[in-house]
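Given chain A's structure and the hints, the job is docking chain B onto it.
In the order they appear, the protein sequences are chains A and B. Heads up: the first sequence begins at 1 in my numbering, then just goes up one per residue. Heads up: the second sequence begins at 105 in my numbering, then just goes up one per residue.
Please keep in mind that the hints were generated in silico from the structure rather than gathered at the bench. One or more hints might be untrue.
Just so you have them, the derived chain B footprint on chain A, three or more residues with Cβ under 8 Å [said to hold, decoys possible]:
hint, region
1, 1-14
2, 21-27
3, 45-51
Derived BS3-like pairs (lysine-lysine); straight-line CA-CA distance at most 25 Å [claimed, not checked]:
hint, chain 1, residue 1, chain 2, residue 2
4, A, Lys14, A, Lys82
5, B, Lys115, A, Lys86
6, B, Lys183, B, Lys115
7, A, Lys86, A, Lys14
8, A, Lys11, B, Lys190
9, A, Lys86, B, Lys190
10, A, Lys14, A, Lys79
11, A, Lys11, A, Lys82
A few chain B residues that face chain A, going by a derived Cβ cut-off under 10 Å, partial list only [as the list claims (entries may be wrong)]:
hint, residue
12, Cys109
13, Arg138
14, Glu202
This structure is a prediction, so every number in the text was calculated from the model and none was measured. From the three backbone atoms N, C-alpha and C, an ideal C-beta is built for every residue, glycine too.
2 protein chains.
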Amino acid sequence: MRRFCQRAWLKEDKVEDYRRLHAAVWPEVLEAIRESHIRNYSISLFGTLAVAYFEYDGDDYEADMRRMDANPAMLRWWKYSKPCFKGHDEGVYYEDMEEVFYFD
Amino acid sequence: MRRFCQRAWLKEDKVEDYRRLHAAVWPEVLEAIRESHIRNYSISLFGTLAVAYFEYDGDDYEADMRRMDANPAMLRWWKYSKPCFKGHDEGVYYEDMEEVFYFD
Numbered sequence: 001m002r003r004f005c006q007r008a009w010l011k012e013d014k015v016e017d018y019r020r021l022h023a024a025v026w027p028e029v030l031e032a033i034r035e036s037h038i039r040n041y042s043i044s045l046f047g048t049l050a051v052a053y054f055e056y057d058g059d060d061y062e063a064d065m066r067r068m069d070a071n072p073a074m075l076r077w078w079k080y081s082k083p084c085f086k087g088h089d090e091g092v093y094y095e096d097m098e099e100v101f102y103f104d
Numbered sequence: 105m106r107r108f109c110q111r112a113w114l115k116e117d118k119v120e121d122y123r124r125l126h127a128a129v130w131p132e133v134l135e136a137i138r139e140s141h142i143r144n145y146s147i148s149l150f151g152t153l154a155v156a157y158f159e160y161d162g163d164d165y166e167a168d169m170r171r172m173d174a175n176p177a178m179l180r181w182w183k184y185s186k187p188c189f190k191g192h193d194e195g196v197y198y199e200d201m202e203e204v205f206y207f208d
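The shape of chain A in the complex, shown without the other chains (with noise of 0.2 Å):
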């Protein structure tokens, strides 16, 4: 099982979008995220600031993201929350953080 916490800013003006779109998000797109194998997957704001944990239980991470990025639905989705990013132009979104501390 692999560990991601990751970190991306909003535009200001999109903060309230980015929420009205988490708070129901598609049944396709959930479809797709468990088929890549994450689990207990958040995500969390404060501000402009949005942080996703989750959990990856499957053994190949780079294809699950590779299938992921080509589902149509999740490219439907992205078409309506990319654009909330700050780095939408430049197609900065989720960056992964360094874990530095872990207990269980």
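For chain B alone, kept in the frame of chain A given last:
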């Protein structure tokens, strides 16, 4: 079970101290965390941004946090870790983020 995602800002010249401290957390601090019913606890960095994710599976979070705040090991630990935070002079450390999406 409650999930927490929190964010804080570190002082630029203290990021390395913070990383080093958390690479070798004292056993009595880990014990205090465990006694506080915190599990699956990770801290991640991106530049001066610090994000803590953890799960609480006790039944009185506020009481557990108060007890941890009074733990002598934690008080000693915080003498080292708290000065790493940008908000140290104002007593501002990790602050709760707002969860806007969850899927498992």
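Cross-check of the supplied hints:
Interface restraint, the region 1-14 of chain A with chain B: holds (3 residues with C-beta to C-beta distance below 8 Å; minimum three). For the region 21-27 of chain A, the assignment as covered by chain B holds, since 3 residues bring a beta-carbon within under 8 Å of that chain's beta-carbons and 3 suffice. Counting residues of the region 45-51 of chain A whose CB lies closer than 8 Å to any CB of chain B gives 4, so the stated coverage by that chain holds, three being the minimum. Among the hinted pairs, Lys14 (chain A) with Lys82 (chain A) is consistent with the structure: their alpha-carbon atoms are about 10 Å apart, no more than 25 Å.
Our distance criterion of 25 Å between C-alpha atoms is met by Lys115 (chain B) and Lys86 (chain A), whose separation comes to about 24 Å. Taking the CA atoms of Lys183 (chain B) and Lys115 (chain B), the gap is near 15 Å; set against the 25 Å cutoff, the hint holds. The suggested pairing of Lys86 (chain A) with Lys14 (chain A) holds, with an alpha-carbon distance near 9 Å, which does not exceed 25 Å. At most 25 Å may separate the alpha-carbon atoms for a hinted pair to count; Lys11 (chain A) and Lys190 (chain B) meet this at roughly 24 Å.
In summary, the hint linking Lys86 (chain A) to Lys190 (chain B) is supported, as the alpha carbons are separated by about 24 Å, within the 25 Å threshold. Of the supplied pair hints, the one linking Lys14 (chain A) and Lys79 (chain A) holds, its CA atoms being roughly 14 Å apart against a limit of 25 Å. Between Lys11 (chain A) and Lys82 (chain A), the direct Cα distance comes to roughly 10 Å. Compliance with the 25 Å bound is thereby established for this hinted pair. Checking Cys109 (chain B) against chain A: minimum C-beta separation of about 4 Å stays under 10 Å; hint holds.
For Arg138 (chain B), the shortest C-beta to C-beta distance to chain A is roughly 8 Å, which falls under 10 Å, so the interface hint holds. Given the 10 Å rule on beta carbons, the hint for Glu202 (chain B) holds: about 5 Å separates it from the nearest Cβ of chain A.
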